[in-house]
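Visitor: Chain by chain, the residues:
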Amino acid sequence: MIIATLCGMGFGTSMMLKLFIDDILKAEGIKAETSPWDLGTFKGNKADIVVAPIDMEPHLRDYPAKIVLIKNLVDKAEIKEKILKAIRELS
Amino acid sequence: MHLEDLLIKNTIRAKLPLHTRDEIIQKAGELLMEADAIEPRYIQAMKKVLDELGPYCVIAPGIALLHARPEDGVKRACLSLQTLQDPVNFGHSTNDPVDLVFTLGAKDKKGHIEALAELAGFLSEEKFLQTARSFENSLTLQKEIFEYITTRK
Numbered sequence: 001m002i003i004a005t006l007c008g009m010g011f012g013t014s015m016m017l018k019l020f021i022d023d024i025l026k027a028e029g030i031k032a033e034t035s036p037w038d039l040g041t042f043k044g045n046k047a048d049i050v051v052a053p054i055d056m057e058p059h060l061r062d063y064p065a066k067i068v069l070i071k072n073l074v075d076k077a078e079i080k081e082k083i084l085k086a087i088r089e090l091s
Numbered sequence: 001m002h003l004e005d006l007l008i009k010n011t012i013r014a015k016l017p018l019h020t021r022d023e024i025i026q027k028a029g030e031l032l033m034e035a036d037a038i039e040p041r042y043i044q045a046m047k048k049v050l051d052e053l054g055p056y057c058v059i060a061p062g063i064a065l066l067h068a069r070p071e072d073g074v075k076r077a078c079l080s081l082q083t084l085q086d087p088v089n090f091g092h093s094t095n096d097p098v099d100l101v102f103t104l105g106a107k108d109k110k111g112h113i114e115a116l117a118e119l120a121g122f123l124s125e126e127k128f129l130q131t132a133r134s135f136e137n138s139l140t141l142q143k144e145i146f147e148y149i150t151t152r153k
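Which chain is which? The protein sequence lines are A and B, in order.
Residue 26 in my numbering sits at position 26 of the first sequence, and the numbers go up by one each step.
Residue 108 in my numbering sits at position 108 of the second sequence, and the numbers go up by one each step.
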């Protein structure tokens with residue numbers, strides 16, 4: 001499974017999200033590849049789940065993956081609940 | 001590189017009377033310029049990023065993380081912090097208004113990651129946010145923030 005995190009430039013917000021998700025996956029014993037993406041290049045990439053800040057929703061409307069939108073990017077509980085739900089729905 | 005290496009102490013300022021997004025970016029940029037961490041053009045680049053990509057830089061309720069790209073004039077990896085006297089709207093759908101502003105300058109896509117992970121961890125702690133928001137005096141805030149991040153990991 002590939003989980004991508006998305007932000008405008010691919011090394012700030014998306015990197016923070018990736019680090020939180022890596023911790024969650026490790027704690028839950030879930031194996032997945034996580035990768036930070038930027039808005040300029042992500043459309044050529046493939047992922048099963050894309051995790052993004054809520055205000056990026058317009059960029060993701062037609063993207064063929066499960067989309068997870070996060071309001072508070074430093075709220076581990078929100079990220080954990082939403083990412084685990086998405087993983088469950090895919091498996 | 002740890003958070004205390006990335007965060008430039010003298011750029012930490014408390015309760016600044018800034019009223020618009022552009023005033024905030026300008027001030028944050030000037031503080032990083034005084035520390036010789038960025039070139040002047042980085043300020044314009046940050047404004048352009050916000051115009052183009054929207055207000056997703058408001059990463060959590062009240063917290064903005066501003067930055068542009070390494071090639072936009074970053075001289076060394078750096079982070080600044082300002083708190084605002086009155087919260088300012090950035091146009092975010094759920095996290096406005098902003099009263100904590102972090103400004104990042106990255107030298108490349110990797111060098112700042114450890115420090116960023118530490119920052120993300122602190123921002124998820126209510127106690128850290130309380131510390132950042134509670135001081136009126138910049139020197140006190142500088143001291144308290146550095147004490148917090150160097151003793152609590």
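Careful: at least some of the hints might be erroneous.
[Stated by the list, open to error] Derived lysine to aspartate or glutamate pairs resembling DMTMM-like cross-links, with alpha carbons at most 20 Å apart:
no., chain 1, residue 1, chain 2, residue 2
1, A, K76, B, E52
2, B, K127, B, D108
3, A, K80, B, D5
4, A, K76, B, E125
5, B, K75, B, E30
6, B, K109, A, D75
7, B, K107, B, D22
8, B, K107, B, E23
9, B, K75, B, E39
10, B, K47, B, E34
11, A, K31, A, D62
12, A, K76, A, E33
13, B, K109, A, E33
14, A, K26, B, E118
15, B, K107, B, E4
16, B, K127, A, D22
17, B, K47, A, D38
18, B, K110, A, E28
19, A, K43, B, E52
20, B, K9, B, D96
21, A, K71, B, D22
22, A, K71, B, E30
23, B, K75, B, E34
24, B, K107, B, E118
25, B, K110, A, D22
26, B, K110, A, D48
27, A, K71, B, E4
28, B, K110, A, E78
29, A, K26, A, E57
30, B, K127, A, D48
31, A, K82, A, E28
32, A, K85, A, D48
33, A, K80, B, E34
34, A, K76, B, E114
35, B, K109, B, E71
36, A, K71, B, D72
37, A, K26, B, E34
38, B, K48, A, E78
Because the hints were derived from the structure by calculation, they are not lab data.
None of the values given here were measured: they were computed from a predicted structure.
Visitor: When you check the alpha-carbon spacing of K127/B and D108/B, does it fall within 20 Å?
Guide: Violated, because 31 Å separates the two Cα atoms, which is more than 20 Å.
Visitor: Would the hint linking K47/B and D38/A be met if the CA-CA limit is 20 Å?
Guide: With a Cα-Cα distance of about 18 Å, the restraint between K47/B and D38/A holds, given a limit of 20 Å.
Visitor: Does the alpha-carbon distance linking K71/A and E30/B stay inside the 20 Å limit?
Guide: Distance ~30 Å between K71/A and E30/B Cα, so the pair is violated.
Visitor: Between the alpha carbons of K107/B and D22/B, is the straight-line distance 20 Å or under?
Guide: 23 Å, violated
Visitor: Does E118/B lie within 20 Å of K26/A when you go C-alpha to C-alpha?
Guide: 18 Å, holds
Visitor: Within 20 Å, alpha carbon to alpha carbon, are K43/A and E52/B?
Guide: Answer holds: K43/A to E52/B is near 17 Å, not above 20 Å.
Visitor: For a C-alpha distance cap of 20 Å, please report whether K80/A and E34/B respect it.
Guide: 40 Å, violated
Visitor: Take the C-alpha atoms of K82/A and E28/A, compute the straight-line distance between them, and say whether it is at most 20 Å.
Guide: Within the cut-off at roughly 14 Å; holds.
Visitor: Measure nothing beyond the straight line between the CA atoms of K107/B and E23/B; if it is 20 Å or shorter, mark the hint as holding.
Guide: 24 Å, violated
Visitor: Hinted pair, alpha-carbon criterion (20 Å max): K75/B, E34/B. Please report holds or violated.
Guide: 12 Å, holds
Visitor: Holds or violated: K127/B and D22/A, Cα atoms, limit 20 Å.
Guide: 24 Å, violated
Visitor: For a C-alpha distance cap of 20 Å, please report whether K9/B and D96/B respect it.
Guide: The given pair, whose Cα atoms are some 26 Å apart, is violated under the 20 Å limit.
Of the hints listed earlier, those the structure fails to meet are numbers 1, 2, 3, 6, 7, 8, 11, 16, 18, 20, 21, 22, 26, 27, 28, 29, 30, 33, 36, 37, 38, in rising order.
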